[in-house]
Amino acid sequence: MKKVLILITITIINLSTAQTNQVQDNYTKKEVYIPMRDGTKLFTIIYTPKDISKGKKYPFIMNRTCYSIAPYGENNFRKKLNPNKFIEKEKYIFVFQDVRGRYMSEGIFTNMTPQVDHKTKKDVDESTDTYDTVDWLVKNVQNNNGKVGQYGTSYPGFYTAVGTLANHPALVASSPQAPISDFWFDDFHHNGAFLMGYFKTFPVFGVQKTKPEKESWFADKMIKPTSDDGYLFYKNMGTLKDGVDKYYKDNFFMQEVVNHPNYDEFWQKRNLLPHLRNINHAVMTVGGWFDAEDLAGPLNIYKTIEKNNPKAKNTIVMGPFSHGGWNYDSGKHFHNDIYFGDSISTFYQRNIEQPFFHHYLKEDSKTAAKLPEAYMFDTGKKEWKTFDNWPPKSAEKQNYFLNSTGILSKKGDDPKRVSIYFSDPEKPVLSSENYKDMNGFTPRNYMSEDQRFAAYRPDVLTFTTDVLENDITLAGEILTKLNIVTSATDLDFIVKLIDNYPSDEKANPDKPGVVYANYHQMVRSEIMPARFRNSFEKPEPLTPNKSATVNVKLQDVLHTFKKGHRIQVQVQSTWFPLMAINPQKFLDNPYMATKDDYQKAEIKVSSGSSIEFDVLK
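Numbering-wise, the sequence shown is residues 1 to 617 according to the UniProt record's numbering.
Incorrect hints may have been included.
Said to hold, decoys possible - Capping the alpha-carbon separation at 20 Å, the derived lysine to any residue pairs in SDA-like fashion look like this:
| # | residue 1 | residue 2 |
| --- | --- | --- |
| 1 | K235 | M592 |
| 2 | K235 | N439 |
| 3 | K585 | S547 |
| 4 | K209 | G101 |
| 5 | K382 | P392 |
| 6 | K595 | N236 |
| 7 | K585 | V485 |
| 8 | K54 | G146 |
| 9 | K397 | K410 |
| 10 | K57 | E88 |
| 11 | K585 | P261 |
| 12 | K50 | E88 |
| 13 | K546 | V418 |
| 14 | K617 | S394 |
| 15 | K85 | Y328 |
| 16 | K481 | P415 |
| 17 | K85 | N26 |
| 18 | K553 | Q398 |
| 19 | K562 | E469 |
| 20 | K362 | R350 |
| 21 | K311 | K393 |
| 22 | K249 | V207 |
| 23 | K235 | F441 |
| 24 | K381 | I472 |
| 25 | K411 | V467 |
| 26 | K235 | P225 |
Note that these hints are calculated values from the structure, not bench results.
Generate coordinates for the entire structure from the input sequences, incorporating the hints supplied.
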């Protein structure tokens, strides 16, 4: 999520440079307030091709956002109308809208607006706002062809996903990109654990405006870097409670977060997934395998639509991108240190996204576009693959055991044997060695970062296979089953899946100084608070020195571990400053923990513990 600062810079500021350009030469711009059914008016900008006529009609492509649709003023034109140059080149009616309560629109802003049962004609949510906007457009913009498509990346991806529920007959194509589906699993939380790396984002989402705004009214609330070493800010801040008390006493969203530490009705109402039913138009969900912000969203939205809408024209695309990385091309495509190929974003834009919208908006919206069900990038082989289903039906589940010898293998050790580590909240395991990245709006590079720095710590368990004699392709879901005994009453478990490169791996001249020999590339990672092991709604303490099972579900992968590589799993209990410190003491509200609550813990992981993969046959 949060394309503010980084993605706003890329897809808002860069797209919004006010100057005479091809857009101004070829489009007319109109600003309107579109009334919603409850009387609230949403500020909307419409760019219409100058050559539109009764004989040359165009469809709409719409983007609804909470991140500003600048530049404002009918004489101020964007430099580009779409991140995809192939879409922009063939011309559409481009529509941009400030959502309810943001920038120039009326109303009150609500994070992840709950979807409501429409008991009366005045009930509103984001799906009704989408419907009312689409309805106004097709009735009031002359010479349109009666078809509307929508897209959005990050938070706008949520507005696109929930907009699929508008069920307006003119809405024929939707592409939620890096969409949020549930804040308990995306962005601000991972399985209910608070993402400390998002701490600096809260002014964007927790300060209401009091009047129409063309500028960011929350800008003076943003926390400025205190050092080039971003770790120092979090280290010196103290506990999460200390940080909230210092910076966010009046931030409505942060107060909602800290006052709802469990998956209660407040969060459940903001879960979009149960509502994704009766979708009757084409949907293409897009995500990045290295999206540190919204990885759960696209996978879960695609799977839910597939399950609940078996006849839907439903497609998923997952590339080797960080958050929104498909919206721009940097030539040689890297994520952090890892090279994946050339012009991968251009391939996506030209061969996947443009054909999707062209088919449904300019050709036949009733038949399926000639695209595979799943267009997925293998991050190990570094090539695109296509599938008829995701996860692939040809994949089979295989278990690898976390043996006390440090070996990861299909054959289990004696389950009475254990691996032991000690966790100290005062001396947490770092989530990254990229200290500059910690100063950013949200961290990104850690998703594929070299994990050697953690592998050699005594408070991190490491389990590694023998050198692979053949390629092994993981294609689908991952579930870690940890059988543990600990002295703590609460604890986090972090599981990392790692591609351990050979000791003779060659250097890359484009990344001087990076040692790829024995590189420990993170492929996937996740955190699970033990308090939620049985229920996210009703947390339970661990009983000290009594066995318990904690399942850690990692998001899907498509990754080939090549012959000569090794598969590695790391297990730890702190991950700072990415995640807030768990005091390792059960509290009704862990957000209120003080340093006095911090407790060291001994953790024993049984050799009967395992990790389950979907392995492609």
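Cross-check of the supplied hints:
Between K235 and M592 the alpha-carbon distance is near 17 Å, which keeps this suggested pair within the 20 Å criterion. Note on K235 and N439: the hinted pairing holds, with a Cα-Cα distance of about 12 Å set against a maximum of 20 Å. Distance check on the hinted pair: K585 and S547 sit about 17 Å apart at the alpha-carbon level, within 20 Å; holds. Taking the CA atoms of K209 and G101, the gap is about 7 Å. The hint holds against a cut of 20 Å.
Between K382 and P392, the direct Cα distance comes to roughly 18 Å. Compliance with the 20 Å bound is thereby established for this hinted pair. The suggested pairing of K595 with N236 holds, with an alpha-carbon distance near 13 Å, which does not exceed 20 Å. Our distance criterion of 20 Å between C-alpha atoms is met by K585 and V485, whose separation comes to about 15 Å. Simply put, K54 and G146 have alpha-carbon atoms about 13 Å apart, close enough for the 20 Å limit, and the pair holds.
Of the pairs offered as hints, the one joining K397 and K410 holds, with about 12 Å between alpha carbons and a cut-off of 20 Å not exceeded. With a C-alpha separation of about 15 Å, the suggested pairing of K57 with E88 holds against the 20 Å cut-off. Between K585 and P261, the direct Cα distance comes to roughly 15 Å. Compliance with the 20 Å bound is thereby established for this hinted pair. A distance of roughly 14 Å separates the Cα atoms of K50 and E88; the hinted pair therefore holds under the 20 Å criterion.
The hinted pair formed by K546 and V418 meets the criterion: a straight-line CA distance of about 14 Å does not exceed 20 Å. Distance check on the hinted pair: K617 and S394 sit about 6 Å apart at the alpha-carbon level, within 20 Å; holds. For the hint pairing K85 with Y328, the CA-to-CA distance comes to about 10 Å; that is within 20 Å, so the pair holds. Straight-line distance between C-alpha atoms of K481 and P415 comes to about 13 Å, which keeps the hinted pair within the 20 Å bound.
Note on K85 and N26: the hinted pairing holds, with a Cα-Cα distance of about 15 Å set against a maximum of 20 Å. A C-alpha spacing of about 15 Å is found between K553 and Q398, which places the hinted pair at or below 20 Å, so the restraint holds. For a cut-off of 20 Å, the pair hint linking K562 to E469 stands: about 9 Å separates their Cα positions. This hinted pair checks out: K362 and R350 have alpha carbons roughly 16 Å apart, not beyond 20 Å.
Restraint check: the Cα-Cα separation between K311 and K393 comes to about 18 Å, which is no more than 20 Å; the hinted pair holds. A hinted pair counts as satisfied when its Cα atoms are at most 20 Å apart, and K249 with V207 qualifies at roughly 11 Å. Proximity of K235 to F441 is assessed by CA-CA distance (about 17 Å); at most 20 Å being required, the pair is judged to hold. Of the supplied pair hints, the one linking K381 and I472 holds, its CA atoms being roughly 10 Å apart against a limit of 20 Å.
Pair hint K411 plus V467 holds up; C-alpha atoms about 16 Å apart against a cutoff of 20 Å. Our distance criterion of 20 Å between C-alpha atoms is met by K235 and P225, whose separation comes to about 13 Å.
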